[in-house]
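Take a look at the letters that make up each chain.
There are 2 protein chains.
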Amino acid sequence: MTSMNRRRIAVAPTSRPAMFDAMMQAVIDAGGEPAPIAEASALMWADPAAAAEFPGVVEAAPELEWVQLPYAGIENFADQLDPSKTWTCGKGVYAEPVAEHIIALTLAGFRHLHTSIPARSWPKQQGRNLLGANVTVIGGGGITESLLTLLEPWRKKVTVVRRSATPLEGAVRTVTMDDVTSAIAHADVVVIAAALTDETRGMVDADFLRAMNDDAWLINVARGGLIVTDDLVDALTEGVIAGAGLDVTDPEPLPHGHPLWEIENCIITPHVGNTPEMGLPLIAERVRRNVERWIAEEPLVGLVDVEAGY
Amino acid sequence: MTSMNRRRIAVAPTSRPAMFDAMMQAVIDAGGEPAPIAEASALMWADPAAAAEFPGVVEAAPELEWVQLPYAGIENFADQLDPSKTWTCGKGVYAEPVAEHIIALTLAGFRHLHTSIPARSWPKQQGRNLLGANVTVIGGGGITESLLTLLEPWRKKVTVVRRSATPLEGAVRTVTMDDVTSAIAHADVVVIAAALTDETRGMVDADFLRAMNDDAWLINVARGGLIVTDDLVDALTEGVIAGAGLDVTDPEPLPHGHPLWEIENCIITPHVGNTPEMGLPLIAERVRRNVERWIAEEPLVGLVDVEAGY
Numbered sequence: 001m002t003s004m005n006r007r008r009i010a011v012a013p014t015s016r017p018a019m020f021d022a023m024m025q026a027v028i029d030a031g032g033e034p035a036p037i038a039e040a041s042a043l044m045w046a047d048p049a050a051a052a053e054f055p056g057v058v059e060a061a062p063e064l065e066w067v068q069l070p071y072a073g074i075e076n077f078a079d080q081l082d083p084s085k086t087w088t089c090g091k092g093v094y095a096e097p098v099a100e101h102i103i104a105l106t107l108a109g110f111r112h113l114h115t116s117i118p119a120r121s122w123p124k125q126q127g128r129n130l131l132g133a134n135v136t137v138i139g140g141g142g143i144t145e146s147l148l149t150l151l152e153p154w155r156k157k158v159t160v161v162r163r164s165a166t167p168l169e170g171a172v173r174t175v176t177m178d179d180v181t182s183a184i185a186h187a188d189v190v191v192i193a194a195a196l197t198d199e200t201r202g203m204v205d206a207d208f209l210r211a212m213n214d215d216a217w218l219i220n221v222a223r224g225g226l227i228v229t230d231d232l233v234d235a236l237t238e239g240v241i242a243g244a245g246l247d248v249t250d251p252e253p254l255p256h257g258h259p260l261w262e263i264e265n266c267i268i269t270p271h272v273g274n275t276p277e278m279g280l281p282l283i284a285e286r287v288r289r290n291v292e293r294w295i296a297e298e299p300l301v302g303l304v305d306v307e308a309g310y
Numbered sequence: 001m002t003s004m005n006r007r008r009i010a011v012a013p014t015s016r017p018a019m020f021d022a023m024m025q026a027v028i029d030a031g032g033e034p035a036p037i038a039e040a041s042a043l044m045w046a047d048p049a050a051a052a053e054f055p056g057v058v059e060a061a062p063e064l065e066w067v068q069l070p071y072a073g074i075e076n077f078a079d080q081l082d083p084s085k086t087w088t089c090g091k092g093v094y095a096e097p098v099a100e101h102i103i104a105l106t107l108a109g110f111r112h113l114h115t116s117i118p119a120r121s122w123p124k125q126q127g128r129n130l131l132g133a134n135v136t137v138i139g140g141g142g143i144t145e146s147l148l149t150l151l152e153p154w155r156k157k158v159t160v161v162r163r164s165a166t167p168l169e170g171a172v173r174t175v176t177m178d179d180v181t182s183a184i185a186h187a188d189v190v191v192i193a194a195a196l197t198d199e200t201r202g203m204v205d206a207d208f209l210r211a212m213n214d215d216a217w218l219i220n221v222a223r224g225g226l227i228v229t230d231d232l233v234d235a236l237t238e239g240v241i242a243g244a245g246l247d248v249t250d251p252e253p254l255p256h257g258h259p260l261w262e263i264e265n266c267i268i269t270p271h272v273g274n275t276p277e278m279g280l281p282l283i284a285e286r287v288r289r290n291v292e293r294w295i296a297e298e299p300l301v302g303l304v305d306v307e308a309g310y
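Heads up: the protein sequence lines correspond to chains Z and U, in order.
Numbered as in the working numbering, the first sequence ends at 310 without a single skipped number.
Numbered as in the working numbering, the second sequence ends at 310 without a single skipped number.
Derived from the structure by calculation, the hints contain no laboratory data.
A couple of the hints might just be wrong.
Straight-line alpha carbon distances no greater than 25 Å define the calculated DMTMM-like cross-link-like pairs of lysine to aspartate or glutamate that follow [claimed, not checked]:
hint : chain 1 : residue 1 : chain 2 : residue 2
1    : U       : K91       : U       : D47
2    : U       : K157      : Z       : E277
3    : U       : K124      : Z       : E252
4    : U       : K85       : U       : E59
5    : Z       : K124      : Z       : E264
6    : U       : K124      : Z       : E264
7    : U       : K124      : Z       : D250
8    : U       : K124      : Z       : D47
9    : Z       : K157      : U       : E152
10   : Z       : K157      : U       : E292
11   : Z       : K157      : U       : E277
12   : U       : K85       : U       : D47
13   : U       : K91       : Z       : E152
14   : Z       : K91       : U       : E152
15   : Z       : K124      : U       : D250
16   : Z       : K124      : U       : E264
17   : U       : K157      : Z       : D29
Generate coordinates for the entire structure from the input sequences, incorporating the hints supplied.
Dropping the structure here:
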């Protein structure tokens, strides 16, 4: 294949126009040439929901060597992963906005925005710093990696609790779930960023909350089911912990009239760690970088392990 | 002077016990030996308000070679700056919490906490990122430097408007006040972090606000007088800008009944960018580092320019 051929990139389908346009622009910005699928060396798939159309498009693409999928989770495309091609996805791209939201919720709690925002006269002066704080994160995936990166200059001391004790770069300590109690005991903020599994469901219960510092905040950006909601209501009501910032709840959406709405030091956001609007420029940037690398014959980012299927 | 003598450090006065204790601990942690003032090679001054006692203490200190003052502003001690000694202060120490508060207020606005926090049922999903955003900062001092440091991994594009066009590290563009209009035109957030002077008083007026993007946030952590409050009320009411995050106001404290309290997209905090509780560990850390450097005969941090008086 000549280097000219590598420049020919198809973007399809057009069913999600904003994503199509953003990916097309990224291809052009990277020095690619938008090409019909029949002549394209690579395909940027522009609609995560349109998996049903995918086989037909790929069949009409004899030159195709590389496929970029739009989301981090590719379960809809798992049956299509032809090992003779290179596959990339949005792996790691969407973790960054969620990590940013962890920081937004933590700062909101530490800086008492939950009391200042509803105030109608000069509130009491109070607050504390995330700078230099002890942060414990449950979960060692992409969100935690992004959080460690974003907080790199903040002199924080991060303990990570994950399945394996393999250290994460930037963490002062990495432990397994066996040591969770000691890992949360001295934290100023405990962040839940783990997948919801049979093992993790309800892990934040009354015992977990009692093991936390009484001036610590709990932040959940993962799934509501990791927390026993009734135990959290009790802990907040009784001052067992200082507050909670929840981007996910159980039940979700949290119904009107639920007791959590009335607890001042519980900050609730409607599952907006990563919104479609935030994700679009991020996946477009992934496309731009990968097309540049593809043209330069450099290794692509976000490679799918075809055998493992993710 | 022998290296043993250099270890002898006095902390005085005792009128502010929390600061005295924190500084004393920092001296010990750094390997210093708490010493009476008559035998001390260095003095850590532990009460910014007690300038009147200062000359008497220094007179009783024949061995004194270095004085560490507690605050960044040293105007109370300006008459005491004897050029035969080395003087250091809290320069740069307190900027970091204020920079953190800029990030707290910006994220609160971008992540719609001003609508989520008062909500009593699942709010609308909305939000945008500080990650990768265009940030314009008015002022090129320590707060701006700290902000650039804290946001270093955030892929942001920062334009700095300052008196001289000398570039700040980490900024993509540094301009003077002559170019302020173009500097704020494409900003997602405009941060006011300048000193209040005759030149800057009221600089954020109706024209300034109209020159901003209508989806941009205005953040003020400097002094309320930099903004014409009535013009800001109008701009927020008429949708000229997206919102404002104010840690300082004019008048301050903002009186109950002031129209700003009723504007949903105006987030007001009670001048808590840096609180005494936040500052104490920071000045203690400065003391610890400087005592280490003093003992090791390395250059001290936060040197006062005795001729200039700051």
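Status of each hint after checking the structure:
Restraint check: the Cα-Cα separation between K91 (chain U) and D47 (chain U) comes to about 16 Å, which is no more than 25 Å; the hinted pair holds. Annotation: proposed proximity of K157 (chain U) to E277 (chain Z) holds, straight-line Cα distance about 19 Å (limit 25 Å). Between the alpha carbons of K124 (chain U) and E252 (chain Z) the distance comes to roughly 13 Å, so the proposed pair stays at or under 25 Å and holds. For the given pair, K85 (chain U) sits about 13 Å from E59 (chain U) by alpha-carbon distance, which is consistent with the 25 Å threshold.
Distance restraint check for K124 (chain Z) and E264 (chain Z): the Cα-Cα separation of roughly 15 Å lies within the 25 Å cut-off, and the hinted pair is therefore satisfied. A hinted pair counts as satisfied when its Cα atoms are at most 25 Å apart, and K124 (chain U) with E264 (chain Z) qualifies at roughly 20 Å. For the suggested pair K124 (chain U) and D250 (chain Z), the alpha carbons sit about 18 Å apart, so the restraint of at most 25 Å is met. Using a Cα cut-off of 25 Å, the hinted pair K124 (chain U) and D47 (chain Z) holds, with the two alpha carbons roughly 24 Å apart.
At roughly 18 Å between alpha-carbon atoms, K157 (chain Z) and E152 (chain U) fall within 25 Å of each other, so this suggested pair holds. Between K157 (chain Z) and E292 (chain U) the alpha-carbon distance is near 22 Å, which keeps this suggested pair within the 25 Å criterion. Straight-line distance between C-alpha atoms of K157 (chain Z) and E277 (chain U) comes to about 19 Å, which keeps the hinted pair within the 25 Å bound. For the hint linking K85 (chain U) to D47 (chain U), the alpha-carbon distance of about 20 Å falls within 25 Å, and the restraint holds.
As the CA atoms of K91 (chain U) and E152 (chain Z) are separated by approximately 23 Å, the hinted pair is consistent with the 25 Å bound. A C-alpha spacing of about 23 Å is found between K91 (chain Z) and E152 (chain U), which places the hinted pair at or below 25 Å, so the restraint holds. Note on K124 (chain Z) and D250 (chain U): the hinted pairing holds, with a Cα-Cα distance of about 18 Å set against a maximum of 25 Å. Proximity of K124 (chain Z) to E264 (chain U) is assessed by CA-CA distance (about 20 Å); at most 25 Å being required, the pair is judged to hold.
With a C-alpha separation of about 19 Å, the suggested pairing of K157 (chain U) with D29 (chain Z) holds against the 25 Å cut-off.
Of the hints listed earlier, there is not a single one the structure fails to meet.
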